[in-house]
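Got chain A; can you put chain B with the ligands on it based on the hints?
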Amino acid sequence: MKNIRNFCIIAHIDHGKSTLADRLLQTTGTISDRDMQSQALDDMELERERGITIKSHAIQMDYEHDGEKYTYNLIDTPGHVDFSYEVSRSIAACEGALLIVDASQGIEAQTISNLYLALEHDLEIIPILNKMDLPGAEPEEVTDQIVDLIGCDPSDVIPASGKTGLGVDKILEAILTRIPAPSGDPKAPLQAMVFDSVFNPFRGIIAYFRVMNGAMHKGEKVKFLNTGESYTADEIGILRMTPQPRNVVKTGDVGYIISGIKQAKDVKVGETITNHENPCETAVKGFEDVKPMVFAGIYPVDTDDFEELRYSMEKLQLNDSSLVFEPESSAALGFGFRCGFLGMLHMEIIQERLEREFNMTVITTVPNVSYFCYTKKEPTVRQIVNNPSELPDPSIIEMIEEPYIKAQVITKSEYVGQVMNLCVEKRGELQNQVYLTQDRVEITFNMPMAEIVFDFYDRLKSVSRGYASFDYHPIGYQSSDLVKLDVLLNHEQVDALSALVHRSNAFDLGKKICLKLKELIPRQQFEIPVQASIGAKVIARETIKALRKDVTAKCYGGDISRKRKLLEKQKQGKKRMRQVGRVEVPQEAFLAVLKLND
Amino acid sequence: MAGIYIHIPFCKQKCTYCDFHFSTSFKSYREKMIQAICLELTQRVDYLQNQSISTVYFGGGTPSLLTKEELKKIVDTVSKNYTVEEDFEFTLEANPDDITEAQLEMWKAAGVNRLSIGLQSFLQEDLDWMNRAHTAIESESAVRLAKKFGFQLTVDLIYGLPNRSLNDWKNNIQKLTSLDPEHISAYCLTIEKRTALHHMVDKGDLPQVSEDDQSEQFEMLLQEMNNAGYHQYEISNFAKGENYSRHNSNYWNGVDYLGIGPSAHSFDGKSRRWNIANNPKYIKGIFEGFSNHEDEILSSTDQFNELLLTGLRTKWGVNYKKLSELHKPSEAFIKQLNSFRSFGLIQEETDTILLTQKGKLQADYIAAMLFLEE
Ligand SMILES: Nc1nc2c(ncn2[C@@H]2O[C@H](COP(=O)(O)OP(=O)(O)OP(=O)(O)O)[C@@H](O)[C@H]2O)c(=O)[nH]1
Ligand code: SF4
Ligand SMILES: [Mg+2]
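Sequence order for the protein chains is A and B. End of the first sequence = 598 in this note's numbering, gap-free, step of one. End of the second sequence = 972 in this note's numbering, gap-free, step of one.
Chain A extracted, bound-state conformation (with noise of 0.2 Å):
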């Protein structure tokens, strides 16, 4: 056991943890040259797309030192905000964590929240300034920001590039030196705690843990302690880049079983494992459940593809336990779901793996978060309105409450004006306000979480120049002036356009919106008035012209196949469109809400 180190690599997205894994993999050989290819442990084809990490990812290398061999278990984490779940989740199976900053970037949003999340389980920090190849690196400067943040000595932070290798010798060693070995007692009864899940489609659930206490047989009959439920270790291990099966886990140690489970929901992350026979006295302290933050219908464009949306939905949520969805119908839209999210990026990744992974084209609704309704006649009752059309009607309604969130964002003091004001735009009240050093800034304001499910991060980003991170976590409910606001498409309502709005916000949005529709649905055969409304009265309105002129002046030889390829895709493109009364309405026309600004 004193020979075992459990850390994981946390940083804000981006700053290079999946890269910086990369060379601590090659560097102790558990990833030969042959086979190494850029931030390997993002295995997901989504992951390697985006060039982003959307899970964890743990590994166990072999490391030598004086004649000594030590095993290292190492779990990458995600940056993205959405993905802090993950975070939390890793750090709790570890001793000790890297910290990693992009020297050229310096501290960011994530940075912080990221170090507070591992400080909180008092994890060993070794704070690395990564990417010190870069012509841009401050090493100086942002060394002092780390040393202000953490408090250690500047000779603490090692320098460090993923991608020249420079430092790396040094971090593999100060993982030895400065974070602890685990503790737990090997004679104990065995207590395992289940840190991640995955499914694969041939052996069912395949769940992550890391002992505590004891140690787990191959063939033994575990138990979960909050299921209740027993089952047979059919096969245990330790992972590397393949799964590598064993006959033991040891204390301290972090390994795999399969047990013929074959639902994400019966292995919670958080779940103790412990012997049938001998059960330990008592559960490792779990997760709180994952909430989600965003709501939104999801749809098939082909009504018939109902059932296989729902099957294709409870395929993925076995991979992804924190997709949630029930069933809900729209006028508009006929049978979908409706679901929630961790956040804007986790609903575009999951619709964007549905037309992937299942081949579903489908409509995503205007996303929402999650409200508090309470009526007149019951003004001490809460319902929970998790899509706008749910909503009482507004002569019976006492009050609504919305999610507000704490936001962090740090940007260069020069752009301070400009984030306040868009802070203050979108409703948010500044809180405080921190030189981080004499040009970063940390500004921290409460704002309803509405505000960033629209184009907050967009307009953040633009109003910085991309000089601005940014991160939330929920704060509760407060109350606000909200009122629905209605899409009308040629005279009919359209429920899955309704969004709940502040007031004060509903005229200059109801104009955006029909600008944005008016320019994302097509002109058809006939004339299509389209208005935004508030209850029965209109308060925008714009007109789609009828069709008119479609078609290209010249099909000689060559231009046929041209021209055929390009009427074919103009077909394609019909398919993604959605028949709403008489007027067809493209798949993006849906989410017009979040790009008013573009």
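Keep in mind that the hints are not guaranteed to be accurate.
[What the hints assert, rightly or not] Derived DMTMM-like pairs: lysine to aspartate or glutamate, alpha-carbon spacing no greater than 25 Å straight-line:
1) A:K565 to B:E892
2) A:K569 to B:D617
3) A:K412 to A:D133
4) A:K554 to B:E894
5) B:K920 to A:E568
6) A:K518 to B:D811
7) A:K461 to A:E47
8) A:K569 to B:E894
9) B:K768 to A:E568
10) B:K933 to B:D949
11) B:K933 to A:D133
12) A:K554 to B:D778
[Unchecked claim] Here are a few chain A residues that sit away from chain B, every Cβ distance over 10 Å (derived from the structure):
13) H121
14) K221
15) T303
16) Q383
17) E398
18) L436
19) S480
20) H502
21) D550
[Said to hold, decoys possible] Quick list of the computed label-pair ranges, beta carbon to beta carbon:
22) A:N421 to B:T899: 51 to 59 Å
23) B:D800 to A:S504: 36 to 44 Å
24) A:N200 to B:T950: 56 to 64 Å
25) A:E307 to B:S937: 24 to 32 Å
26) B:T899 to A:G476: 53 to 61 Å
Bear in mind the hints are in silico, worked out from the structure with no lab data behind them. Because the structure is a prediction, the values reported are computed rather than measured. Note that CB positions come from ideal geometry on N, CA and C, so glycine has one too.
Showing chain B with the ligands alone in chain A's frame:
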């Protein structure tokens, strides 16, 4: 019955809207190119499988740049290797700045019987904006002169330019109809990739022409053509009497054709092929006996869609029986037809689907929606 298209990839200067394949600096390999074209004509003599040749079309680029010797060399190669029908149509594209008495005489002697004049506009500012090599005065005199020599004439016009009034367009049309060519092709300007105009659009330097303005100009065109006694037999083509372009009509009717020269396309009913659009590489390939080209085999769905796409554009429409032979029309197809009929976009005559006047403005949309999918 089959056609031969010969691509002459030379131009004096580059017009701003043009995405055809050509080069303006060709001196060094001019002779080689003509040799290569002749060589390709002999190499591919089997492509049309002994069908007789009813049309020969010299396009480009600028075929009116060919010298007497060059033209003769190519024409001789055609007649030596192919069975050319007695009354074949022999079209040559010519720019107004190349149209002189001497040239006209030379073309006549070579057997050309139809001239396609790239006139585009009678307005000097249009010609400047398009970077055409000729002047407005040359536009007019070229047509008069060519007419005197007894060629069957077709003249090209372009509309839908930014910042032009409907009246400018009307004057252009009337000027042309007063010169009385047998045939007129009128094209709405499109901004193609890799053109000067596209570059201007990217930079934001080009005002957009609205769909509505283009539609009005198109409707004006139809009306003026009708008044002057031309009838529309294809979206952009108008003829007096029976003076259709036989060569182009063959494209729309699925007749086989052999395309010679860089970038030229060929079609044999089931597949399409196009030569490489690069002059030196083309020449090299031909001389080394391995030709630089791509092929595309047309599935029956492709053929079905092409039949729709080309047929709907013509006054002959789409033959329902021919379509059904390729694929039995689906329920969705019939439903779509009915919907178009109810919007007054199509009309049917025995066994034929035709576009109405309103439908002609939406020919692409209608074809696309009727397409079959693999
Ligand atoms: N120049 C340079 N670029 C680096 C270095 N490390 C990573 N990068 C680049 O930075 C980008 C992000 O790298 P990743 O390793 O995917 O970052 P990450 O922290 O894992 O990102 P997330 O998992 O999405 O939070 C990639 O384009 C890398 O090629 C480095 O040391 N030097
Ligand atoms: S339009 Fe004709 S003359 Fe002008 S560049 Fe194109 S091919 Fe040459
Ligand atoms: Mg990563």
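Status of the hints after comparison with the structure:
The suggested pairing of K565 (chain A) with E892 (chain B) holds, with an alpha-carbon distance near 16 Å, which does not exceed 25 Å. The straight-line distance between the Cα atoms of K569 (chain A) and D617 (chain B) is roughly 22 Å, inside the 25 Å bound, and the hint therefore holds. Distance restraint check for K412 (chain A) and D133 (chain A): the Cα-Cα separation of roughly 23 Å lies within the 25 Å cut-off, and the hinted pair is therefore satisfied. The hinted pair formed by K554 (chain A) and E894 (chain B) meets the criterion: a straight-line CA distance of about 21 Å does not exceed 25 Å.
A hinted pair counts as satisfied when its Cα atoms are at most 25 Å apart, and K920 (chain B) with E568 (chain A) qualifies at roughly 20 Å. As the CA atoms of K518 (chain A) and D811 (chain B) are separated by approximately 19 Å, the hinted pair is consistent with the 25 Å bound. Distance restraint check for K461 (chain A) and E47 (chain A): the Cα-Cα separation of roughly 22 Å lies within the 25 Å cut-off, and the hinted pair is therefore satisfied. At roughly 18 Å between alpha-carbon atoms, K569 (chain A) and E894 (chain B) fall within 25 Å of each other, so this suggested pair holds.
Between K768 (chain B) and E568 (chain A), the direct Cα distance comes to roughly 35 Å. Violation of the 25 Å bound is thereby established for this hinted pair. Restraint check for K933 (chain B) and D949 (chain B): the C-alpha separation of about 17 Å stays at or below 25 Å, so the hint holds. Restraint check for K933 (chain B) and D133 (chain A): not satisfied, since their Cα atoms lie roughly 63 Å apart, outside the 25 Å limit. Only pairs whose Cα atoms come within 25 Å are accepted, and K554 (chain A) paired with D778 (chain B) is accepted, the gap being roughly 23 Å.
For H121 (chain A), the condition that its CB be more than 10 Å from all CB atoms of chain B holds, with the nearest at approximately 53 Å. Distance check on K221 (chain A): its Cβ is at least 54 Å (rounded) from any Cβ of chain B, clearing the 10 Å threshold; non-interface status holds. No beta-carbon of chain B is positioned within 10 Å of the beta-carbon of T303 (chain A); the least distance is around 15 Å. The beta carbon of Q383 (chain A) sits about 43 Å from the closest Cβ of chain B, which is more than 10 Å, so the claim that it is off the interface holds.
Taking the minimum C-beta to C-beta distance to chain B, about 49 Å, the non-interface status of E398 (chain A) holds against the 10 Å cut. Look at L436 (chain A): its CB is around 40 Å from the nearest CB on chain B, clear of 10 Å, so calling it non-interface holds up. Look at S480 (chain A): its CB is around 41 Å from the nearest CB on chain B, clear of 10 Å, so calling it non-interface holds up. For H502 (chain A), the condition that its CB be more than 10 Å from all CB atoms of chain B holds, with the nearest at approximately 36 Å.
Not every beta carbon of chain B lies more than 10 Å from that of D550 (chain A), the smallest distance being close to 4 Å; the non-interface claim is violated. Range check, N421 (chain A) to T899 (chain B): about 56 Å between beta-carbon atoms, so the 51 to 59 Å window is met. With their beta carbons about 39 Å apart, D800 (chain B) and S504 (chain A) fall inside the hinted range of 36 to 44 Å. Checked against the hint of 56 to 64 Å, the pair N200 (chain A) and T950 (chain B) passes, with Cβ atoms roughly 59 Å apart.
Take E307 (chain A) and S937 (chain B): their Cβ atoms lie about 28 Å apart, and the range 24 to 32 Å holds. Restraint check, T899 (chain B) to G476 (chain A): a C-beta distance of roughly 59 Å satisfies the suggested window 53 to 61 Å.
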